[in-house]
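Enquirer: Chain by chain, the residues run as shown.
Number of protein chains: 2
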Amino acid sequence: MRGSLLLITFLCTAYTAAAAETPTSSQVSSVVAANSLKTDMAPLFAQEVERSRKFLALMMDAGVVVPVPKDPGGGYTHEQHKQNYTAIYQGGQLYKLTGEQKYADYVRDVLLAYAEIYPTLGEHPARKDSQGSGRLFWQVLNDAMWMVDSIQGYEAIRDSLSEVDRKNIDDNLFRKAAEFLSTGSAVTFSKIHNHATWATAGVGMTGYVLGEKELVDIALLGLDKNGETGFLRQSELLFSPDGYYTEGPYYQRFALKPFVVFAGAIENNDPARKIFEHRDGILLKALRTTIQLTYDGYFFPFNDAIRDKSLKTDELYHGVAVAYSKTRDPGLLSIAQWQGRTVLTDAGKLVANDLAAGKAKPFPFQSMLLSDGREGDQGAVAVLRNGDSTSGQALIAKNSSQGMGHGHFDKLSWQYYDNGHEIVSDYGAARFLNIEAKHGGRYLPENETWGKQTIAHNTLVVDGKSHFDGDAEAADKLAPEQLHFSDKAGSQISTAKMTGAYPGVDFTRTLALLELDGLNHPLVADVMRVNGQGSHQYDMPLHYNGHIMRVGFDLKSNVESRPVLGSDNGYQHIWVDATANPESADKAFVTWINDDRFYTSRWIPQAGSEAILAESGANDPEFNLRREQMIVQRVKAAGGSVFASVLEAHGRYDGAAERTTDSDSQIKSIQHTRDGDVDLLLIETLTGEKSVLAISYDQDETKKHNAMINGTKVNWTGFADHIRLGGGSQ
Amino acid sequence: MRGSLLLITFLCTAYTAAAAETPTSSQVSSVVAANSLKTDMAPLFAQEVERSRKFLALMMDAGVVVPVPKDPGGGYTHEQHKQNYTAIYQGGQLYKLTGEQKYADYVRDVLLAYAEIYPTLGEHPARKDSQGSGRLFWQVLNDAMWMVDSIQGYEAIRDSLSEVDRKNIDDNLFRKAAEFLSTGSAVTFSKIHNHATWATAGVGMTGYVLGEKELVDIALLGLDKNGETGFLRQSELLFSPDGYYTEGPYYQRFALKPFVVFAGAIENNDPARKIFEHRDGILLKALRTTIQLTYDGYFFPFNDAIRDKSLKTDELYHGVAVAYSKTRDPGLLSIAQWQGRTVLTDAGKLVANDLAAGKAKPFPFQSMLLSDGREGDQGAVAVLRNGDSTSGQALIAKNSSQGMGHGHFDKLSWQYYDNGHEIVSDYGAARFLNIEAKHGGRYLPENETWGKQTIAHNTLVVDGKSHFDGDAEAADKLAPEQLHFSDKAGSQISTAKMTGAYPGVDFTRTLALLELDGLNHPLVADVMRVNGQGSHQYDMPLHYNGHIMRVGFDLKSNVESRPVLGSDNGYQHIWVDATANPESADKAFVTWINDDRFYTSRWIPQAGSEAILAESGANDPEFNLRREQMIVQRVKAAGGSVFASVLEAHGRYDGAAERTTDSDSQIKSIQHTRDGDVDLLLIETLTGEKSVLAISYDQDETKKHNAMINGTKVNWTGFADHIRLGGGSQ
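So the protein lines, in turn, are chains A and B. Once you know that position 491 of the first sequence is 491 in full-length UniProt numbering, the rest is easy, because the numbers rise by one and skip nothing. Once you know that position 54 of the second sequence is 54 in full-length UniProt numbering, the rest is easy, because the numbers rise by one and skip nothing.
No wet-lab data here; the hints were simulated from the structure. Wrong hints could be hidden among the right ones.
Quick look at which bits of chain A chain B covers, simulated, 3 or more residues with Cβ under 8 Å [what the hints assert, rightly or not]:
1) 72–86
2) 306–316
3) 431–437
4) 542–554
5) 623–631
6) 691–699
Fair warning: this is a prediction, and the values are worked out from it, not measured in the lab. Every residue, glycine too, gets a C-beta built ideally from N, C-alpha and C.
Sequences are here, hints too, so could you generate the full structure?
Expert: Structure, rendered in structure tokens:
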């Protein structure tokens, strides 16, 4: 530790000298910006400048407020230090843009105040053992975020400082902070994890600003500088070849900012690295993938996701601006337009100018298969879309890997969006971010007992236990296998298989988005084949959003006392409203309404199977859970089983016009047949249109297949297809 | 019956002759319209014409479809006949506007089809005994609505018809329909009720079009033509002097269309009546009052209201257009702008033109007291507003009378809106309008067992029974007394008293919207004084929307089995999540979040009182109820009691910026004192600001009062006031 400090001190003299002589490239560009500012400022950029001026005015009125760290997330000191780094960053940018000295002075005074307390700080009083402690914040991650913004603000004003102030801030604040975040927090710094990305970005950018090669090197290549950890390695290990971040969209969004911001700094200071071309342009690909993982601008809430996260977030303002400045992709402009925001950089100015020039084009949301894992062999996320991303359909098959500590035990789960709403839902994280009343804004106990458990998701639960029996380490070792993906218009199909989530039981699920004649909206078909030995209880939950309109079968309702479904693995949080034993597919359905549209889930009840209508919220004395509805199919079987169902959107409720149409299901019947190794699902509409979803499970896409269902022979080629048989009366 | 038919037949010859000679005034104006159409058509009007052209194109493609009546609300024949009268109306207007023959021909053919089946129709197969049966629809009301639109469409094309067709439609359709709706449905026709308003409007307009004075006379003056029933009497009895309709905003909206449309016809055909000046311009006043009874455009859901009703409804498109044509009030233009719609009449064209000319001004939503009852002596609705009607605050004290059969047993109940949301809520009707799966779209059984019951509202329940023990007839005989109303900025106060809802128990409630130094949002104060003899159980429910963040007191939670609170009067629908015995006002609070704002309800727990945290949805095997949360204060007392509480909005949750502020209550304490006849509520904020809500209950507004609370003497004048004592540390 002491050794490295000496080394740093030695190296720095040379570099600061250099830095003092010639302004860095980003400072050069800032001069250009300042001059061009008066001449042309597009509305979006002008609005950002105005927003920042207002914010800085408030902060400057309040004066320099740098309290001794005390509170956890959401608490006063936590929020004040967040405000401060935002002010340091924006104040620096405003100085670059306007040349107004007051901004440089305020940023200087705030940094001097930090330089005064920083050396005195030890571990944070509100630290949790589960998280590395920060100095300014309860977890080291927030310290890294503080540094990423603060160093950029400092860079913008550093040359305007007196030698004394500069040395003071260099030595007592940023060098010490860089030391703390690197060698001082070696475990976090050396992770392959977004916490480490923030740390390496902060340390690396500090290296460039202070002119300390050592800091840049350990940031890029890890503390040992052997490239086994550090920023470059993270960019290789954390994103799949398709730019999917293994923790899921919410964390992908979060991880993206340090990647793109630090990459921008690398590009400025070390263009020879061609960082944006590194690994086939993975960083820009990751940015586009992040945008593709949204519906109506909101991220698919995989794993420990906070559900109200949308593209309207600081990370994506930066990401879109940097990506656009590199690619000039007009689709990104329409994202910026939807965000209604950009950043105070040259890239942000470019976005604003080109938006004002009318260069925006719709972002091409589309069906896609996103492989997971460094080599793309750790499962995948299949996104099947129809129509736009605001009112159209999106069926998401979560066939990805566990995704480390924030992962949920939900292999082969799915979600469905339609008409602007999440219809088949994923709970996301049990957490109220930064709300102190809720366990200091940290993850709630129910995140473990409900949010992560398999029964809280739309996938198979065997014998009442979660996948991998809830063991995250075991779960990280095994990923699903994506067997098939087709985005053929009108018959989009994804099939994946999971082996090892349960001893002796594997399951293969086909999810399809099909267009049927006689239906106004696409139909979701779901065929899950379970292979297992011995007797098991198989539960298949469907978590949906809406108000029940009609239930096709007789219910045994718990109207006067509401029991709980189980005692652990999430079952303890489920209130049982009613149970039933639907006998045939024409009766095994539930219809609900969401907004102005009706939805019917219809399934083929297996012999002796049970249907459970339930609501979350049991064993929740602190009211930490949202209360949401679910339907659970329960089958007790010797050996395997097959769950076959369809989800149908139909009709319209128009409250203003007091007109309702097609409020009941438009499907007449569904039938399932196993013919050899083949699964066949026959769907017939009320208008008599018949079609078959045929699955051969044969990955030879050129091989021809045929099979019989209900006396009809169907032919198709390859793994799976949707065959229309006609017969409609319309 | 036969006699009146003969009379009609006799009279009509003379009148049709007259009608045939000279076009009616409204036909004259239509010619003007047609000519001016090409020259100028403002966007809003052009869009309506286009909308109608598209609708008529669809209807004309489908051809003339007039099925034999069969289905209840929401069913096929029900919806088809609704489509038809819309097509008849709009087709007629399009013919007037464009002169295009195809529209006249289509309307003619549809009407001829009706003329063929109408004489053959008896009682509707789907009628309910509780409602008068229609011919075309399951209830006579819908037949009247059919007639109001159809006769206007017919008027527009009548002169273009052959003698034969005209006589056929006159005699076999409209004369017979007019006879059915008047003498044939004498009970409905003679009611003082909105059903009768529709009937009289349809019959009266038919009288003008067919030139049959008899029909006009019985419509205006009732079947006996003595003015004790009929349209004029309805306009006198159904609206209070402040233009409040006793059934509540939802039905006021609904009743308004026949009033304004028929009034327009009266004005055209019989201007000497000065109908719009009748009773001090009550009809236009009622229109303005209807608009005042909204938040963010949605009606306060009093009584049997469907909650998704907003100003975006056909009745209000007509109402706003007619009212604007009479008053030229620019505030009405901004309502039309919000509606984004208007009607195909000259009034609609005027609205569109003046909107395009930029004449719109914001509609003046404001605090107001709206008396109920013909003489304005049947209680009142007090609306206390702050800020605009979209994001500001609205506190509504429902101190009005029962409002007939659709009334709820909720005397002195209240609602609160803030930040664009309903925070303290009213359930409205238990009904899914026109959704056949839900009891044919009619009122659900739960409308009686929950929607109307007192415990489902935010007011006092004595001994577990609803007001008037749920007897609507008894309830209609007694109304609350509005004792005080002040809209003084920063201290708006309403006080009302209810006597007779319970034997031996009366209650007086003061609701206030107060601005306190040190708080960012107004505070709601609520002091309910209960006078009673003997031992009673007093329940005070608070129905709120949001997710619980913090509970100030210890809970006995029902986490593993959820009991029901009671067995009848609505209590059978309440699941009990937890019970508690909060001991002091600093602990007796619940904080929840709604959207991005926090709310804390804080009360002064009476000795031995209980707090019950609960959710609706028990004994609801058909899932007919929305599941909503409530807090019930329960006091068992010998004699009277006082419920004193405040509702506070505070802080902000910003998910995008991950910033949370003031998520906990900003109130330090509240204290209540009874000094003589005076009630005092002392409120102290965390910043130390103190203020007192003082209520003398003395209606002499000039009289000076003083009283002591907590060692402090406060002075005020009149019934009640809010006195700021200062002391803030900020």
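Enquirer: Does each hint fit the structure? Answer for all of them.
Expert: Each hint, compared with the structure:
no.	hint	in the structure
1	72–86	holds (count 3)
2	306–316	holds (count 7)
3	431–437	holds (count 6)
4	542–554	holds (count 5)
5	623–631	holds (count 3)
6	691–699	violated (count 0)
Checked against the numbered hints listed earlier, the structure breaks hint 6 alone; every other hint is satisfied.
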